[in-house]
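Student: Each chain, letter by letter, is given below.
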Amino acid sequence: MAFNFAAVSYIFALIGDAVLIFFAIFHVIAFDELKTDYKNPIDQCNSLNPLVLPEYLLHIAFNILFLLSGQWLSLCLNVPLIAYHINRYRKRPVMSGPGLYDPTNIMNTDVLTQCQREGWVKLAFYLLSFFYYLYGMIHALIST
Amino acid sequence: MNGQPYNYSGSNSGNGTPTPPSISYPASLSSQSSRDASPARLPPNMNHNTPEKSPLVSSNNPGLVYRNQEAVQSSMYGHGFNDGGGNPSRQLLGEYISSPNNDNVMRVAPTTGLPTSPLAAPLNSHALPAQAKSPNAYTDVRQQIPPRYENIMNTAQPDSNYMQNVKAPELPAGQPRLQDPYNQGYPNNSFGGPPVKMEQFVHTNMNNDWQMNQAHNAIKSAVPTESLTSPVYAHQNASKDFHHPQSPTSYPVNSYQANSSPYNVARPPNQIMPPAPAQAKTQEAPISSGPPRTNVLGIIPYNTEPVTAMSQGSIGVVNQKPVTPTLNHSQPTVKSPVYNQSPSHAPLYNAPPVMPTPVTQQNPYQNQNRVGVPPLVTAQPPRAPVTNQMSMKASYPNQPVSRPIEPYNQPQYQNYNYQQQNNVVNHGGYNQQQQSYYPGPDDLANSMAGMSVSAGYNKLWGREAVDLLKSRDILPQPKVEPPKIRLSQEYFDAANCSPEIFRCTLTKIPETKSLLDKSRLPLGVLIHPFKDLNQLSVIQCSVIVRCRSCRTYINPFVYFVDSKRWKCNLCFRVNDLPEEFQYDPLTKTYGDPSRRPEIKSATIEFIAPSEYMVRPPQPAAYVFVIDVSRLGAEAGYLKSFCDCLLSQLEALPGDSRTSVAFITYDSNVHYYSLAETHTQPHQMVIVDIDDMFVPCPDNLLVNLNECLGLVRDLLRELPEKYQESFDTGSALGPALQAAYKLLAATGGRITVFQSCLANCGPGKLTPREDPSQRSGENVNQAMLNPVTDFYKKLALDCSGQQIAVDLFVLNSQFVDLASLSGVAKFSGGCIHHFPLFSSKNPLHIESLQRCLHRYLCRKIGFESVMRLRCTRGLSIHTFHGNFFVRSTDLLSLPNVNPDAGFGMQVSIDENLTDLQNVCFQAALLYTSSKGERRIRVHTLCLPIASNLSDVLHSADQQCIVGLLAKMAVDRCHQYSLGDAREAFVNVVADMLSSYKITQSNYPSTSLLAPMSLSLLPLYILALLKYVAFRIGQSTRLDDRVFAMCQMKSLPLSQIIQTIYPDLYPIHNLTECPQVSIGDDTVPAPPTLHLTAEKIDSNGIYLLDDGTTIMIYVGHNISQRLAISLFAAPSFSSINPNMRELPELDNPESKELRNFVNFLQNEKPIAPPLQIIRDDDPQRTVFMEKLIEDKTESGHSYYEFLQRVKLLVK
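Sequences listed follow chains X and S, in order. Letter by letter, the first sequence follows residues 1 to 144 in full-length UniProt numbering. Letter by letter, the second sequence follows residues 1 to 1209 in full-length UniProt numbering.
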């Protein structure tokens, strides 16, 4: 039993994924607050927008590790999400700063429900993948 | 057809577009499944139909059983009410319920013609004791109340006057009146009487009331603060550098009345705050010199408002002022709300001397609706009914006298859910005329008696179908009326909100979402909340009664559980009624809450107490930002603007605190210092435009009254100074930033004049329009969207500081309105566009001047928010208009203007099966230009429909078109223009398909549409050919974007007129029927379809599209006509550059001018007149409007229908 590269990548993925779970929870809470009138959409967008790119980059980062360490299954599981992220960012509204959310249309019910659903789905995905990475890490550790 | 304007591929078989369902065009486009499911659901649907159609022929049982239950119920109420000690509200309730029972009888046996039935009798007898008892109850209570003082207040008078009355009882009696600028300014208003009275009341019992104040303040402070000014709001402001009180609680409740200067409380330190109103000298009432229609200040509403002012803190007495039938240009009114005004009736009421007129709350349209039975009247003590009924009859001579005053038409509709589509909607002066066009409901009901039921049944109830392919003239005459909303209780009908203010796409709400989907119609409301009103009840009271959980304002549709409690009609919570609400201000009796103005009128305005403010009401502040670059100078608009502003300077809405500033810009930004110490305006040029700063804020934004001379000087100098300019730069972004900084402390309005592309400094834009693409088959979606978010962010900043930006675009070349418009869209501003503006063209100058005149003088509401609430189970889905959405149902409108319309899409979240009605309530909280915080509340109540055919027959086609246009604009921005166009066609196809489902025998060769939706295809075709959505025709990008903005923000009537202009033949006006508008009569020529087929070469036609009135002269007109109308000996000598019709002394000319005046006056901005001879090159402008004809890029109406027919499944 020794630390190989695959195990290292899983450990990073675990840590990264824990952070992503926090991001997703924050996301869900933020949209819930918007829906229940607690927060001003401008403030909310200002707090959400800076987090979008870090989330995407973090996700991409540990997938690069998977790629390098040859964890094809793990990578394949994540590729659809990466593609979704890239596409979503490509189609973002015209904005001068980074981020996705536009305070002027975020209160539209469609957008709001879409974002909220996105948050829940991502949260579920990150949670499941957290356990998968845990399993992958142990597997990588004991298999060597 | 070149290209593929509509994509009729197989996959697209009518149900919709390949677009995601989230963009929901109506129900329709969402999914295949619901369409497929429809036939499967047909059986239950048919079941619905059968009992519905049968009772008259087969069985009365369902109706009877149903009514019996209700009868039991009402009698229970009756008992409870008596037990409860003669509760007047109960009494009213008994009244409501008993009248349906009468109706029921009629409904059950209309053929036998029984006027009454044994069933009704016991019920009435239940109600009767209560009525008999109630006067006693009144008197008892009355004896207990201490005498009150009352305050008749001119609603238009500044708050300060009112405050003085309360605060300083020792003031000389004449003072309030002297201070009232309106009384001085309006020579013709009738307020001379009431103010005199006011003085008496002010003095009557001041001390007594003072104590009352204390008590009520205690109550007041217990009430949670208005959720409009919710923590969100406070929070938002807190994040900015405002120093006003953060929460209403920090605002001492008493201080607002007791302090000598209420505004001094917690004033922001950096705010330039003029003297408090107590010391403020009021601005002299200005006299406008504009078009005849606009009033002084351009404000129509307030001079005829019946005023119901209640002194703060007291269980007040509302006084009615006599409503003078002042000649009202903007709205046709029936000549005689007789009982409102005639003093001869007054004595009959035994009115107390302080009460000049007893009933003034209802708007004219409401009165009309109540002809049959005035339930309220009968609920009152016996003295009232006689006069009221008589006067009502007198008011409406066209109502058949023979008809017994029995309300039997009403409940029939209700029980069978029949919507009568083409009945008479008495609308203003048209009613007399209409009678000849349509059979009235009464006639229908009478003729009902002898009908054999099945054949003409549908026709009778307006459920007939129109075969679109076969009927050529489907335009109703004289104009399209909004469908009438029929609620279960007649009283509600009378009290409902005017269709001009509030309209829903369906006048019956489907009870489930699946039913709505099946109907494939969009559900939404269009609202024109700040419309200039002729009659508006204004209430000032210490406690505004609202639901404690959903914060709904009390309205005519609430349910009184007993005299102490009411049940909210939106969230169904039972609330307590404050004691003072028991007091009836009209009769000065105690105990019947249902006679309060809040309960009688669906549109009402409150003067808000201090809880509704997060900071003291802001003063009016205007900043004018003017483009003086080379193109701007060439366009030459500056002269017109300065002239117009000079003449209207005193008419600018505001009080003594009004302030103005001017900024001009080319590639630099110029400030104008107007300090009092200067003898002439000083210009300061800012060259460093990348980092804007304000050099000396105090001298830039100056008090208008104090610096009037300097402002005038500046306005005189400016046009000369910038007659010529060689600077091609335009630093719009920096100029806007500068204006924002000037106003950030107070909030206000920025008016921008822009004539070229903003090409300097932050927010600079680049030319991106490709002229060769103008007539292309599709428009790049990116071109319709902004390239930068600079303007949007600026707008959001402005919105946070309560600043609105209004755009006047007078361009001769591309200005990228798509990017620029964001600044107005999200700050609640408005956009005016004058393409290819040139001062050499008198038509342009005229339209600019008229537009500016209206713009400068119209009413304005500052720092406003609007909230739309709806019955539980419904929710607002999307908002359309110019604003910033701050939370799910709250719109932030830094400024609100009377010409702004809004649209909301509504979705059904829960089943509404167990409800009878649903309600929408829009509340607009704003600061008037006089520094008063006011709340205008509109409530709309709609019945529920349970089957598809009901829904389809209750549709409001104009409203649907209005909403579709807004949705299409969104879709253009999000997807593409082609997509939006396709969706339009699908809407028609879907509607017709779903109607087909309801029809058992559908002839295969025809295309049937319900009467209520017969014009929808026509309007959709018009939309497809409208500037915003057309393809294949050369359209400048800016024009297209502007047209889209208009679709989003215009009120409905203007949208309809813009897309489908009115065409009238005017060569035989003298033979046309006349309608009376106010004191005048106006010819009412028929409206024609917009097709060249209707245009005859020997006729003269008038086309009114809302922005211009075109008179099209055929080349074969008779010499006599040419002479009598145009003072020209022949057709060829008619001067096409004529700006107005010559005033000739013959009947033809008089009628025509009369008619043109009427058309001009009914619009907020009087459209200029254009005369087009049919040999003129200008004729293409006219021909373009004939949208039913085939053009090189579009179908004719018939072709369009054929296309649609292919899609109908």
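Worth flagging that the hints you see were computed from the coordinates, not collected in a lab. Treat each hint with caution, since some may be false.
[Said to hold, decoys possible] No more than 27 Å apart at the CA atoms, straight line, and that leaves these computed lysine-lysine pairs for DSS-like:
1. X:Lys91 to S:Lys793
2. S:Lys1209 to S:Lys479
3. S:Lys1150 to S:Lys470
4. S:Lys1094 to S:Lys1190
5. S:Lys479 to S:Lys639
6. S:Lys793 to S:Lys764
7. S:Lys479 to S:Lys1150
8. S:Lys513 to S:Lys1094
9. S:Lys840 to S:Lys470
10. X:Lys35 to S:Lys793
11. X:Lys91 to S:Lys764
12. S:Lys513 to X:Lys35
Values in this document were obtained by computation on a predicted structure and should not be read as measured data.
Student: Against which earlier hints does the structure fall short, listed by number upward?
Tutor: Hint check: 2, 3, 5, 8, 9 fail, others pass.
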